[in-house]
Amino acid sequence: MATQAKQRLLTTAEELFYAEGIRAVGIDRLLQESGVGRASFYRHFASKDDLVVAVLEDRDHRWLDWLRTSVESVDDSAARPLAVFTALAERLARNDFRGCAFINTMIEMADPASPAHQVADRHKRRVITYLTELLTAADQPDPDILATELALLIDGAIVTAVRENSPAAADRAAAIAARLLA
Numbered sequence: 001m002a003t004q005a006k007q008r009l010l011t012t013a014e015e016l017f018y019a020e021g022i023r024a025v026g027i028d029r030l031l032q033e034s035g036v037g038r039a040s041f042y043r044h045f046a047s048k049d050d051l052v053v054a055v056l057e058d059r060d061h062r063w064l065d066w067l068r069t070s071v072e073s074v075d076d077s078a079a080r081p082l083a084v085f086t087a088l089a090e091r092l093a094r095n096d097f098r099g100c101a102f103i104n105t106m107i108e109m110a111d112p113a114s115p116a117h118q119v120a121d122r123h124k125r126r127v128i129t130y131l132t133e134l135l136t137a138a139d140q141p142d143p144d145i146l147a148t149e150l151a152l153l154i155d156g157a158i159v160t161a162v163r164e165n166s167p168a169a170a171d172r173a174a175a176i177a178a179r180l181l182a
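Residue numbering for the sequence shown follows UniProt numbering, starting at 1 and increasing by one per position.
Think of the hints as simulated: they come from the structure by calculation, not from any bench.
Among these hints, one or two may not hold up.
[Stated by the list, open to error] Cβ-Cβ distance ranges computed for the label pairs, FRET-style:
| id | residue 1 | residue 2 | range |
| --- | --- | --- | --- |
| 1 | ARG68 | ARG23 | 12 to 20 Å |
| 2 | GLY35 | GLU72 | 33 to 41 Å |
| 3 | THR11 | LEU180 | 36 to 44 Å |
| 4 | ARG23 | GLU57 | 13 to 21 Å |
| 5 | ASP111 | GLN4 | 32 to 40 Å |
| 6 | ARG163 | ARG8 | 29 to 37 Å |
[What the hints assert, rightly or not] Pairs of lysine-lysine residues, derived as BS3-like cross-links and limited to a Cα-Cα distance of at most 30 Å, are as follows:
| id | residue 1 | residue 2 |
| --- | --- | --- |
| 7 | LYS48 | LYS6 |
| 8 | LYS48 | LYS124 |
| 9 | LYS6 | LYS124 |
Just so it is clear, CB atoms sit at the ideal spot from N, CA and C, and this is done for glycine as well.
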């Protein structure tokens, strides 16, 4: 039962934080929406900040698993770096897309010492590490430098997609990436 309550808290918190923002959602709302009692909440999390960290860590693993699965379905390792943008375009086209949960967190929790900010930063670094792996496997020169450039394109496409309310930014970022990789 405790595991179910914890999972309901994590699921509800992720949905609400992503849709409305971390600071906009209070503990009372989380408890009401999840159907979990206050005592149960505090058995699982010492604070809302601890819940935020747990939500982000869980989302980090799921997001990177999704990206790997999407990209690695492409047989040609040389084509995989650009496949990242194809996967991204699919994500940006979702009806519930509200930007990157990690970018949003870094904006809301701007203090780099904040545990939530640190988890978000770690996620971005893990994406860069994955991009480096893809670029290395694709025999691209300077994979470390290219990975940071592609990560910048990804983040820029995400923010632009929010601003334009359109997934087209992923295609434009892919075109720029193709020029970088040529």
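Checked hints:
A C-beta distance of roughly 31 Å is found between ARG68 and ARG23, which places it outside the suggested range of 12 to 20 Å. Between GLY35 and GLU72 the beta carbon distance is about 38 Å. The supplied range of 33 to 41 Å therefore holds. For THR11 and LEU180, the hinted distance range of 36 to 44 Å is satisfied, since their beta carbons lie about 38 Å from each other. Range check, ARG23 to GLU57: about 19 Å between beta-carbon atoms, so the 13 to 21 Å window is met.
For the hinted restraint 32 to 40 Å between ASP111 and GLN4, the CB-CB distance of approximately 33 Å keeps it satisfied. A C-beta distance of roughly 33 Å is found between ARG163 and ARG8, which places it inside the suggested range of 29 to 37 Å. Between LYS48 and LYS6, the direct Cα distance comes to roughly 13 Å. Compliance with the 30 Å bound is thereby established for this hinted pair. A hinted pair counts as satisfied when its Cα atoms are at most 30 Å apart, and LYS48 with LYS124 qualifies at roughly 22 Å.
Straight-line distance between C-alpha atoms of LYS6 and LYS124 comes to about 26 Å, which keeps the hinted pair within the 30 Å bound.
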